[in-house]
Amino acid sequence: MILTLIRSSWTHLGRDRVAQVMAFVLPIVFFSIFALIFGGRDTGSSFVRVPVALVDESHTNRSRALVRALEADSGLRVSTGWGAKGAAKNAPAVPITRARAEELVREGDFAVALVLPAGIDTSLSRFDGKGVKVAVLHDPSDPVASKMAAGLLQRAGLQALREESNEFRGEAAPGQRSVSLDDMMPVRSEEVAVLGKKKGNGMVAFYAAGIAVMFLMFSASAGGGVLLDEAESGTLERVLSTRLGMTQLLAAKWLYLTSRGVLQIVVMFIWAMLVFHLDLVSHLSGFVVMTAATAACTAAFGLVLATAARTREQLQGMANLVVLSLSAIGGSMFPRFLMSETLQKLSLVGFNAWALDGYLKVFWRESSLGGLLPQVGALAGFTVLFLLLARRFARRWEVA
Amino acid sequence: MSILEVHDAHKSFGTTPALRGLSFDLRAGEMLALLGPNGAGKTTLIRALAGRVRLDRGRITLEGQTLEPGAMRSQLGVVPQELAVYPLLTARENLELFGRLNGLTGRHLADRVAYALEWTGLADRRREPTKGFSGGMKRRLNIACGILHEPKVVLLDEPTVGVDPQSRERIYDMLAGLKAQGTALLITTHYLEEAEARCERIVVMDHGVSIAVGTLPELVAHAKLSGRRVRLVLEHVAPLAPAGFALEEDGTALTARIHDVAGELPELLMRVRGAGLHVRDVDVRTASLQTVFLTLTGKELRE
Chain A
72 MILTLIRSSW THLGRDRVAQ VMAFVLPIVF FSIFALIFGG RDTGSSFVRV
122 PVALVDESHT NRSRALVRAL EADSGLRVST GWGAKGAAKN APAVPITRAR
172 AEELVREGDF AVALVLPAGI DTSLSRFDGK GVKVAVLHDP SDPVASKMAA
222 GLLQRAGLQA LREESNEFRG EAAPGQRSVS LDDMMPVRSE EVAVLGKKKG
272 NGMVAFYAAG IAVMFLMFSA SAGGGVLLDE AESGTLERVL STRLGMTQLL
322 AAKWLYLTSR GVLQIVVMFI WAMLVFHLDL VSHLSGFVVM TAATAACTAA
372 FGLVLATAAR TREQLQGMAN LVVLSLSAIG GSMFPRFLMS ETLQKLSLVG
422 FNAWALDGYL KVFWRESSLG GLLPQVGALA GFTVLFLLLA RRFARRWEVA
Chain G
-12 MSILEVHDAH KSFGTTPALR GLSFDLRAGE MLALLGPNGA GKTTLIRALA
38 GRVRLDRGRI TLEGQTLEPG AMRSQLGVVP QELAVYPLLT ARENLELFGR
88 LNGLTGRHLA DRVAYALEWT GLADRRREPT KGFSGGMKRR LNIACGILHE
138 PKVVLLDEPT VGVDPQSRER IYDMLAGLKA QGTALLITTH YLEEAEARCE
188 RIVVMDHGVS IAVGTLPELV AHAKLSGRRV RLVLEHVAPL APAGFALEED
238 GTALTARIHD VAGELPELLM RVRGAGLHVR DVDVRTASLQ TVFLTLTGKE
288 LRE
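As you go down the protein sequences, you meet chains A and G in turn. Per this note's numbering, the first sequence runs over residues 72 to 471. Per this note's numbering, the second sequence runs over residues -12 to 290.
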C-alpha cells in the first residue's frame, strides 16, 4: 500500500516539470549565483581588487614611491587621474584632488580614496605614532573596502621603504616599547567617512528597496497571472468579446499593477521611516521618481512572465526561478557593490539592479534628480521592452 | 427574416478541420438550437460568431452586414459555457463591469443593471460576492452579463449545463422573456429534450457541417423517421419476425413504423396473432429528437 503511494508520487514528480525545476534546478541556480558572489571563480581577480582613488598632496620621492607601491599592489586598483566633474566619459583624465576624491567616493565611482598629505615623507617609518596621517576616505556602506585598503597601505608603505633602502630591516625606533601596535605601522592613517554623516541609516533604504523590489516582482507576476485565471475561467474570452481590445486590456493591467506597486513601495518605506528612522521626507522627490519608474517596470515584467506562461503552475515556477535569480544577482539579497566587478556589470542585465542603484543614489549618495537619469532611463527602456514582449506573447489569446 | 447568416464557413486548426462549409441562418425573435456531438464544431462556430475565430473561408452576416473578426459586435451578446464572472465581485459589480465594457454608462447602465438583477432573481443577493452563489445563480448571472447591452442576437453556449431542473426552468423562462422582446437566440446544448421543447428550429451539425436544419417534424422527415413507431412487447421470445416487423435482438419485442394509427394498428396486431405470438404491451410514439439526432449522427463515441 505504502509502496503504491510512493511509486505514484514519483510518477507525479516525473511528469511535473515545474516541480522538477523547483526541486533540482532552482537550488543549483542559487548555489551557482552565491558561489559567484562570494568568491570561487573570481578569486584572485577583480573580486579582491579594491578600486582606490589616490591623491598625492606631498609630491616627494617618498610619496611617489608609496604611490608606485600602491599601484603595484595586486589587492588594489589604483587611479590617480579621473575625468573632471561633468566632463564627458572619454574626456582626458586629470589628477585627482582631495575634493574630487571625496566626490568620487560619494558618487560610488570608488569604494575608497587615499589622500597622502604633505609631510607624509617624513612621517613614513617614524614608528612612534606621530606625524601626519594618510586619510582613508570611504563609504561606510562598504565596510570591507576601507579596512582592506588601510591594511594594504601598510604593505605598500613597507614596500616603499624597502625600495628606498635595501638594508631596511624594520629596525627598532626610539621609544618602541612605549608605543602601541598601531603606532608601529609604517604609515599612519585615519578613516574618514564621506557619506552617512547626517542622514541616519541610509542603508535601511537600500534594504527596504531591495526587499520591496523582490516582492514587487513576485506580486506583479502573481497579479499578471490573473490573466491566466481569466483565460481558464472563460472571462478573458468574454472580456475580449466586448469593446475592449488586447492592447487596452494589457494597458489596464499594467497601470493597475504599477499603481499597486507604488503603494507597496510607499508602505515599505513609511514603515522604514517610522521604525528604522529612514529620512524619507528630505529625499521625497528622488523617492517619488525612483518608485514610479521601478513600479512601472516591475509591473511590465510581471506581465511578461504571465503572458509567457501557459498555466498558473508554470508561471509560479518561472517566477520563483527568475525573480530569485534576479534578486540575488541584482542586489536584493546582497549589495551589488560588494560583488566582483564582473558580476556587478553582469547584474545590470536585470532591471532590478538599476532600481536598487537608483534608490541607493537617492538615499545614500544624495544624488540630484538629474543624477538618476541613467537609472530612470534604463528602467524606462526595460519597461518598453517588457510591454512589447507581453503584447507579443498575448497574441495567442487574440483572434485564432 | 434572417438576422444572422452563416455562409459556407470553413475553419481548420493546423491540419484539423473544425468547420467544413457550415451554413445556416437565425431569424429575428427565434430560438434556434445548435446540436451536435462533441467535436462537431459548435464551439468553433460560436467563437467565430463572437469574432474570436477568423474563418478560413465563408462569411458571417449580422443584419446583412459582414462581421469581420475582432470588429465590434454591439448587436451580439455572448454567453460562454464557462461561468465567466468574477468570483470576488458582487452580482451588481459584475453586471456593472460587463455593462461598461459593452459601452453602457450612467443612468442607462444603472437601469440595465437593475433590470438584470430583477430578471435573474438576484436583486436580494446583489451585494454578495458571486463566489458564494449556487451553480444556478451563477448561470443566471452569466447570462445576464451577456445581454445587458440589449443585443439583437444572443449566443448561448450550453446555458443550462450543470444546474438543477428548477434553475433550468428559470433560465428558459428568462430566455423566453428575451425572445418575446424580439431577441434572436442561438443555443448550443446537449439536453435534446430542452431543444425539442423550447426551440422553434434546430440545426444538427456534425464534422463541421450542418446535416439537417428545420423544425422537429422537418428533421424527422429528413431522417426518414416520419409516422409512428410501434413497439409490441411479446409474452414469449419469438424465433422470427412476422412480415413488416423487425425483431429486437433479444427476441422479446417487435417494431414497425405506421402512419395511420387507427387504420394500420389493428391489422398489425392481427398479423402478430396470426403468427402465433401473444402481445403483452403496445407502445406507439412519434420519433423524438434523441432518435432523430442519433439517426443523423450515429451512435459511435466521438472522443
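Any given hint might turn out to be false.
[Unchecked claim] Derived pair list, reagent style EDC-like, types lysine to aspartate or glutamate, alpha-carbon separation capped at 16 Å: (1) LYS201/A to GLU261/A; (2) LYS118/G to GLU173/A; (3) LYS139/G to ASP268/G; (4) LYS416/A to GLU261/A; (5) LYS156/A to GLU173/A; (6) LYS118/G to ASP180/A.
Because the hints were derived from the structure by calculation, they are not lab data.
The hints, checked one at a time:
1. Pair hint LYS201/A plus GLU261/A holds up; C-alpha atoms about 13 Å apart against a cutoff of 16 Å.
2. This hinted pair does not check out: LYS118/G and GLU173/A have alpha carbons roughly 61 Å apart, beyond 16 Å.
3. Straight-line distance between C-alpha atoms of LYS139/G and ASP268/G comes to about 50 Å, which puts the hinted pair past the 16 Å bound.
4. With a CA separation close to 31 Å, the supplied pair LYS416/A and GLU261/A exceeds the 16 Å bound.
5. For the hint linking LYS156/A to GLU173/A, the alpha-carbon distance of about 12 Å falls within 16 Å, and the restraint holds.
6. The hinted pair formed by LYS118/G and ASP180/A fails the criterion: a straight-line CA distance of about 56 Å is larger than 16 Å.
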